[in-house]
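2 protein chains.
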Amino acid sequence: MFESAEIGHAVDDDTYKAAVPALRQALLQAQYELKEQGGFPVIVLINGIEGAGKGETVKLLSEWMDPRLIEVRTFDQQTDEELAHPPAWRYWRQLPAKGRIGVFFGNWYSQMIQGRVHGRFKDAVLDQAIGEAERLEQMLCDEGALIFKFWFHLSKHQMKHRLKTLKDDPLHSWRISPLDWQQSKTYDRFVRYGERVLRRTSREYAPWHVIEGQDSNYRSLAFGNILLEGLQARLKAPARGVQQATPPLGSSLDERTVLDALDLTHALSKADYHQQLIQEQARLATLLRDKRMRRHALVAVFEGNDAAGKGGAIRRVAAALDPRQYHIVSIAAPTQEELAQPYLWRFWRHIPAKGQFTVFDRSWYGRVLVERVEGFCEPVDWLRAYSEINDFEQQLTEAGIVVVKFWLAIDKQTQLERFNEREETPFKRYKITEDDWRNREKWDDYRAAVGDMVDRTSTEIAPWTLVEANDKRWARVKVLRTLNDALEKAFSKHD
Amino acid sequence: MFESAEIGHAVDDDTYKAAVPALRQALLQAQYELKEQGGFPVIVLINGIEGAGKGETVKLLSEWMDPRLIEVRTFDQQTDEELAHPPAWRYWRQLPAKGRIGVFFGNWYSQMIQGRVHGRFKDAVLDQAIGEAERLEQMLCDEGALIFKFWFHLSKHQMKHRLKTLKDDPLHSWRISPLDWQQSKTYDRFVRYGERVLRRTSREYAPWHVIEGQDSNYRSLAFGNILLEGLQARLKAPARGVQQATPPLGSSLDERTVLDALDLTHALSKADYHQQLIQEQARLATLLRDKRMRRHALVAVFEGNDAAGKGGAIRRVAAALDPRQYHIVSIAAPTQEELAQPYLWRFWRHIPAKGQFTVFDRSWYGRVLVERVEGFCEPVDWLRAYSEINDFEQQLTEAGIVVVKFWLAIDKQTQLERFNEREETPFKRYKITEDDWRNREKWDDYRAAVGDMVDRTSTEIAPWTLVEANDKRWARVKVLRTLNDALEKAFSKHD
Numbered sequence: 010m011f012e013s014a015e016i017g018h019a020v021d022d023d024t025y026k027a028a029v030p031a032l033r034q035a036l037l038q039a040q041y042e043l044k045e046q047g048g049f050p051v052i053v054l055i056n057g058i059e060g061a062g063k064g065e066t067v068k069l070l071s072e073w074m075d076p077r078l079i080e081v082r083t084f085d086q087q088t089d090e091e092l093a094h095p096p097a098w099r100y101w102r103q104l105p106a107k108g109r110i111g112v113f114f115g116n117w118y119s120q121m122i123q124g125r126v127h128g129r130f131k132d133a134v135l136d137q138a139i140g141e142a143e144r145l146e147q148m149l150c151d152e153g154a155l156i157f158k159f160w161f162h163l164s165k166h167q168m169k170h171r172l173k174t175l176k177d178d179p180l181h182s183w184r185i186s187p188l189d190w191q192q193s194k195t196y197d198r199f200v201r202y203g204e205r206v207l208r209r210t211s212r213e214y215a216p217w218h219v220i221e222g223q224d225s226n227y228r229s230l231a232f233g234n235i236l237l238e239g240l241q242a243r244l245k246a247p248a249r250g251v252q253q254a255t256p257p258l259g260s261s262l263d264e265r266t267v268l269d270a271l272d273l274t275h276a277l278s279k280a281d282y283h284q285q286l287i288q289e290q291a292r293l294a295t296l297l298r299d300k301r302m303r304r305h306a307l308v309a310v311f312e313g314n315d316a317a318g319k320g321g322a323i324r325r326v327a328a329a330l331d332p333r334q335y336h337i338v339s340i341a342a343p344t345q346e347e348l349a350q351p352y353l354w355r356f357w358r359h360i361p362a363k364g365q366f367t368v369f370d371r372s373w374y375g376r377v378l379v380e381r382v383e384g385f386c387e388p389v390d391w392l393r394a395y396s397e398i399n400d401f402e403q404q405l406t407e408a409g410i411v412v413v414k415f416w417l418a419i420d421k422q423t424q425l426e427r428f429n430e431r432e433e434t435p436f437k438r439y440k441i442t443e444d445d446w447r448n449r450e451k452w453d454d455y456r457a458a459v460g461d462m463v464d465r466t467s468t469e470i471a472p473w474t475l476v477e478a479n480d481k482r483w484a485r486v487k488v489l490r491t492l493n494d495a496l497e498k499a500f501s502k503h504d
Numbered sequence: 010m011f012e013s014a015e016i017g018h019a020v021d022d023d024t025y026k027a028a029v030p031a032l033r034q035a036l037l038q039a040q041y042e043l044k045e046q047g048g049f050p051v052i053v054l055i056n057g058i059e060g061a062g063k064g065e066t067v068k069l070l071s072e073w074m075d076p077r078l079i080e081v082r083t084f085d086q087q088t089d090e091e092l093a094h095p096p097a098w099r100y101w102r103q104l105p106a107k108g109r110i111g112v113f114f115g116n117w118y119s120q121m122i123q124g125r126v127h128g129r130f131k132d133a134v135l136d137q138a139i140g141e142a143e144r145l146e147q148m149l150c151d152e153g154a155l156i157f158k159f160w161f162h163l164s165k166h167q168m169k170h171r172l173k174t175l176k177d178d179p180l181h182s183w184r185i186s187p188l189d190w191q192q193s194k195t196y197d198r199f200v201r202y203g204e205r206v207l208r209r210t211s212r213e214y215a216p217w218h219v220i221e222g223q224d225s226n227y228r229s230l231a232f233g234n235i236l237l238e239g240l241q242a243r244l245k246a247p248a249r250g251v252q253q254a255t256p257p258l259g260s261s262l263d264e265r266t267v268l269d270a271l272d273l274t275h276a277l278s279k280a281d282y283h284q285q286l287i288q289e290q291a292r293l294a295t296l297l298r299d300k301r302m303r304r305h306a307l308v309a310v311f312e313g314n315d316a317a318g319k320g321g322a323i324r325r326v327a328a329a330l331d332p333r334q335y336h337i338v339s340i341a342a343p344t345q346e347e348l349a350q351p352y353l354w355r356f357w358r359h360i361p362a363k364g365q366f367t368v369f370d371r372s373w374y375g376r377v378l379v380e381r382v383e384g385f386c387e388p389v390d391w392l393r394a395y396s397e398i399n400d401f402e403q404q405l406t407e408a409g410i411v412v413v414k415f416w417l418a419i420d421k422q423t424q425l426e427r428f429n430e431r432e433e434t435p436f437k438r439y440k441i442t443e444d445d446w447r448n449r450e451k452w453d454d455y456r457a458a459v460g461d462m463v464d465r466t467s468t469e470i471a472p473w474t475l476v477e478a479n480d481k482r483w484a485r486v487k488v489l490r491t492l493n494d495a496l497e498k499a500f501s502k503h504d
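Residue numbers (this note's numbering), protein chains in the order written: chain B, 10 to 504; chain G, 10 to 504.
Next up, chain B with everything else stripped away, as it sits in the complex (with noise of 0.2 Å):
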């Protein structure tokens, strides 16, 4: 994989001075359309070979295009708000938005390997986190991004030869830290598990580039036209792909969904109301503030049909709690900046630190159901949602935050009856507007829509609760219960 980046090659500086002229204001160019379009992020990795000449590329992509238009992020030590969250919250902080250039230093691919060289896991961890990066990768590419990934590389030779120069070099012998030193003794390994990397990421989407980095000239240049041929390729594209065909998802013989096996006949007289709801709602506060919460964190997700009492059911599990120890989050149309990001990013954005609930009112589902129904989205990408979803769920869960999902369901007939009662109080008339009354008229559409999210993404980490909700009391109490099961089944792993 790394054999014809040990050949030694070159090009003098006659035959670069004449290059660059033309290579600087092409990418200028396309940095510039790139901007004007404002229609995808570029996301640039930077791996490879202690000096091999990482920085100074990155440096020289500073001076050759705009630096205004590129952010360049180095991921070192966490901070410990990152250590609070999911290790990919970071990146997602810090993902550029339409329109601009990131480059990552010490991205995923520089903290899977290290961690490989150092002992720090084995082979089974290693391959864990190379499927985690290519299913991030080819997130980002379907929601646009354009990837490139760099491995910048030097013989075991040419790297000893290397450092020694920058060592003795006053000018530079700063560069080298005592880790990087150490790291050519660790040669060997570095090569081995990068090449195990780089042969399981290289995909059709994001492919990775090999650069050797012994001649700063061959090594500018190269990096350059890279650069340049994947952008001007991608600004010519149409502006989206050629639409897959993608399979249907093959409709039900009987037409019957999980809804149809609910009992929404449930209910809970006043009395027996009251005495679960108070008792439930101590359980709760009782175990967000239990000392093993530190180790975990509860997101709650609310979702149902339009009057199924979402509001109640929230301000329910609100009223049992102190109001430091959560957050409600209520999801409507995407700000310019949510926009500008993958879909996913909006909702990153919000999970809760260690200690933390967050309740979502309305969440990243909204793409499986309103985007679906309403055509607000291609198939293509409510189809890819589901898995993207489980991917996203299961990054959540094993940071230790658990994740309980609500669909609160009705039925037609209570739904017209909780619309009509809302135009007819004037104090709940702000609650219903013609959005509602058009919903209503896909009444199929939606089912079949939550049908099939039910099914492709009640997991076991991140099952759906489907909540009978004809009755409110009945709905809340089983609000209460599910999460504080939940909480319980996540503390008991401790004992």
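Treat the hints as calculated values from the structure; they're not laboratory data. Ideal Cβ positions, reconstructed from N, Cα and C, are used throughout, including at glycine. Treat the hints with caution; some may be incorrect.
Stated by the list, open to error - Okay, derived cross-link-like pairs now, SDA-like style, lysine to any residue, Cα gap no bigger than 20 Å in a straight line: (1) B/K437 x G/E42; (2) B/K44 x G/Y439; (3) G/K481 x G/L273; (4) B/K107 x G/D445; (5) G/K363 x G/Y100; (6) B/K44 x G/D445; (7) B/K363 x B/D494; (8) G/K363 x B/E91; (9) B/K107 x G/D444; (10) B/K44 x G/D444; (11) G/K481 x G/E432; (12) G/K363 x B/Q103; (13) G/K44 x B/Q46; (14) G/K440 x B/Q46; (15) B/K498 x B/R303.
As the list claims (entries may be wrong) - Stretches of chain B that chain G covers, calculated by requiring three or more beta carbons in the stretch to come under 8 Å of a beta carbon on chain G: (16) 84-96; (17) 225-233; (18) 319-332; (19) 344-356.
What the hints assert, rightly or not - Non-contacting residues of chain B with respect to chain G, defined by C-beta distances greater than 12 Å in every case (computed): (20) Q34; (21) Q38; (22) E42; (23) G128; (24) R129; (25) A133; (26) R144; (27) T195; (28) L207; (29) G239; (30) R304; (31) S339; (32) T466.
Following the hints, position chain G against chain B.
Below, chain G without anything else, positioned relative to chain B:
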């Protein structure tokens, strides 16, 4: 100041129960109007004696109103990201957007009172903190925020009794941390310094409300009523308070400004330029790697005439450095999220952490330049901006941030030549737009605005550097040299 909050206010249960439903409905109504209008943010500061029902009252608020539109924030221990920024940064990042309510526990008042009570500083520092709080609140109100400041009070006797009751109640005993108990001993100091703070910071635009906390019925109704009246009054007020007549800045007798004192014939030969540029670039690279940099950060602000060469100067600064060492922030039209916040919010979010360097390509001075000249804001807004900006920069410099501000000045003829050159060079055409020509017609207005800006915001802690930029070489070297001198001066204070 607290006398009338120690007289045993109470409301009987029947009266309370009769009053609550209407209050709740009115609060909810006001909250939805606030959301619909989206016109201003509401900030509720919660302070007072331990055990006076602060937490219970906020909890009640979340029950009475829609908790999805309320954000409750607690400012305890600072995270390491917060510690690496100026003290006010943590408040700025948590400000509620327009249309929402932010409830702040552990806010700036808690910090200053507790610091003084526990003897971490003396009255002089307390008074400084008071002054900062006043300026912050004045600015927030000028930007449209509605601020409520609540002090929940108990007499010493009431407090002791209340803490004992809470301690004996198994359901509540967890609430009392050792520190809180300790406060019972420091009650006198807490009240003394609290009084000092309230006296000094109760202003017409954000008065304090002292509420006796003994009786929960009284406390809840008093709190709810104050909130309701304040919200309703503000919702009924005209979109913008009556514009105060603002005194004019005074016109200059001879129309001479600081810009007239510049000698725009300064120039560097190519040879001198190359030698000096490399020298200053190396100096900057060395200074930023100096270990004293860890206690500082660097902010460079670039403003100037169109075509004065800001971009080129910034590139020469960037070229000196490893791209991991700096961020460049280009200020363009604000996003929706930025528009929903006070003006300075969009800059606070980019302020560098300790050890970092941020370049602002255009900046917070937009308000007193383009917004003033183009009439994008009212005179009262840009007139108050001078002191707000001075406060802002003082907060930065007090946190160790070195603030360097450049105005790149060219004459009108030079601008014309550069505009023409841009139009004639295909490669530079993206740099010139209709706006540039329009701005040029307002040359004299901009000139006056720059004169006022320099007069009013060139301070010892953050002086303006006027850069003679007819000669680009001269300008670039001067920019680099000024940055270096500023850093060296800051570092020299450690010797």
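Among all the numbered hints in the text so far, which are the ones the structure does not match?
4, 9, 13, 17, 20, 21, 22 and 31
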